[in-house]
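We have chain A; now place chain B onto it with these hints.
Below are the chains, spelled out letter by letter.
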Amino acid sequence: MNRAALARIAPPLLTFVVGTALAEVVIRILDVSPLLLPRPSAVWTAATSEAGVLLASLAATGGAVLLGLLLSSTIGVAAAVALAASPWVQRAFYPYAIFFQIVPIVAIAPLLVIWFGYGPRAVVAAAAVVSVFPVIANTLAGLLSVDPNLADLFRLHGATRVATLWKLRLPWALPQLLTGLRIAAGLAVIGAIVGEFVGGGGLGIVVLGAMRQQRTDLVFAAIGYASLLGLALFGAVGLASRLALRHWHASEAKR
Amino acid sequence: MDRGVAIALEGVHRTFRAEAGGEVPALAGIDLSVTPGDFVALLGPSGCGKSTLLRLVAGLDRPERGAVRIESAHIGMVFQDAHLLPWRDVLGNVALPLELLGRDAAVRRARAEAAIAQVGLADAARRYPAELSGGMKMRASLARALVTEPRLLLLDEPFAALDELTRMALDDELRRVWRAAGLTVLFVTHSIAEAAYLAERVVVLSRRPGRIVLDHRVGLPAERTAALRADAAFAHETGVLQDALRRGGALA
Chain A
1 MNRAALARIA
11 PPLLTFVVGT
21 ALAEVVIRIL
31 DVSPLLLPRP
41 SAVWTAATSE
51 AGVLLASLAA
61 TGGAVLLGLL
71 LSSTIGVAAA
81 VALAASPWVQ
91 RAFYPYAIFF
101 QIVPIVAIAP
111 LLVIWFGYGP
121 RAVVAAAAVV
131 SVFPVIANTL
141 AGLLSVDPNL
151 ADLFRLHGAT
161 RVATLWKLRL
171 PWALPQLLTG
181 LRIAAGLAVI
191 GAIVGEFVGG
201 GGLGIVVLGA
211 MRQQRTDLVF
221 AAIGYASLLG
231 LALFGAVGLA
241 SRLALRHWHA
251 SEAKR
Chain B
1 MDRGVAIALE
11 GVHRTFRAEA
21 GGEVPALAGI
31 DLSVTPGDFV
41 ALLGPSGCGK
51 STLLRLVAGL
61 DRPERGAVRI
71 ESAHIGMVFQ
81 DAHLLPWRDV
91 LGNVALPLEL
101 LGRDAAVRRA
111 RAEAAIAQVG
121 LADAARRYPA
131 ELSGGMKMRA
141 SLARALVTEP
151 RLLLLDEPFA
161 ALDELTRMAL
171 DDELRRVWRA
181 AGLTVLFVTH
191 SIAEAAYLAE
201 RVVVLSRRPG
211 RIVLDHRVGL
221 PAERTAALRA
231 DAAFAHETGV
241 LQDALRRGGA
251 LA
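Protein chains in written order, with my numbering: chain A, 1 to 255; chain B, 1 to 252.
Sample of chain B residues at the chain A side, in silico, Cβ under 7 Å: (1) A58; (2) L60; (3) M77; (4) F79; (5) H83; (6) P86; (7) W87; (8) P97; (9) L100; (10) L101; (11) Y128.
Simulated crosslink set (EDC-like; lysine to aspartate or glutamate; CA at most 20 Å straight-line): (12) K167(A) - D147(A); (13) K167(A) - D104(B); (14) K167(A) - E99(B); (15) K167(A) - D89(B); (16) K167(A) - D152(A).
If you want the ones that stay clear, here's a sample from chain A, every Cβ over 10 Å from chain B, calculated: (17) E24; (18) A59; (19) A97; (20) I102; (21) L178; (22) Q214.
Everything labelled a hint here was simulated from the structure, so no lab data went into it. Note that the structure is a prediction, hence the values are computed from the model and not measured. Where a beta carbon is used, it is the ideal one built from N, C-alpha and C, also for glycine.
For reference, chain A alone in the conformation it holds in the complex:
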């Protein structure tokens, strides 16, 4: 590992190790009940001894999150393109896109179970519903910010609407689309777990089960696995952004 990478990774790693050790010592000294706050070592034991169940649940939740994201990004981009197509369509529908963003998903989740039944379909739907709006809002902002001179250039050379969409508008909106996707990735994990609380399966049901058995250590272990999932998705979208925007100037890529 080179020095620069080490300098980047070492400080947060050190914070983690010291923080965990400190928590371990303080919890032991104060003799906190493991029901309230288990020691980090106990959480680690639960995370490794129950690894089989946790990994299988992680796979279920991860699968639902990926499917949900696939749905929300497809629907979100399509909706943004439709909204960008005409100011009238935009005025008619955009307020509702904002409105749905503030409807709390926890309230929608039972409804999704009523519609899709218990099981993975409701979970995928929950992940998709919470993550679709940032994709719409960000992609739309990108589509509407297209350089008017470039739009003129396309018109001058008789570009069709489809050609303008594929060769100008969508690539132009890509940085903002990816920003929306990064926000969506985090929300999809939340949506999936809330969906699982109600609809069953995955890490959500592990957390609920552990709570009922008063296994606080297992609750923490499951939360740890869920965080890893969020972290992995966040990293994957970040990597995709860097690859897709590698030729853009830094300031444009952050646009």
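Then chain B, alone, in the frame of chain A:
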């Protein structure tokens, strides 16, 4: 040789609706006819409607009254700033107009490479806009305008944002392209010296709403070099243009 297209504007009026309500007249009764192969500079203060006039000629906008007549032909256009697609390299950017016109890949590549060589960018064909200097971006933009082998080239203050030396080099480049290709050029600028140095004919517009204050044929030799900028004849031309701008209310 192909001598470019003729342009005729008759009684052209164009008014814009202001954001705060009310109307802003941009052009008020413009009559202008340009002969094929001429190099015309439109000189005027900021906001005098020069760019509006260019957009009308390009067919990107329509006048409320009056007519814009132009033979149907490929038009090349260069904007203020290069406006390249950041996700395409120079070759991809220059080939774009041909792609939109539906030419096939082999033709696109050959013509784009020729246009890139024409503006002296052959070494940078595979580089991306973010890796180019301002002058190089503008050259790429010029190549993109030339790639369709247009018979009319429209330029909207293309070199205004560049440093003096780069701008003078690109002025010479543009003159050379015009003389070699024999196309009609309409060049919008607010620089008196640039208008006098580049054009065969300078049309001076007044402050908004734009009217034609002076229609002037430049009395300078076809061969224009840096030395000309220090010449008495050049000083005379810029004096004439400055005087017209003042009469149009630009230098009040």
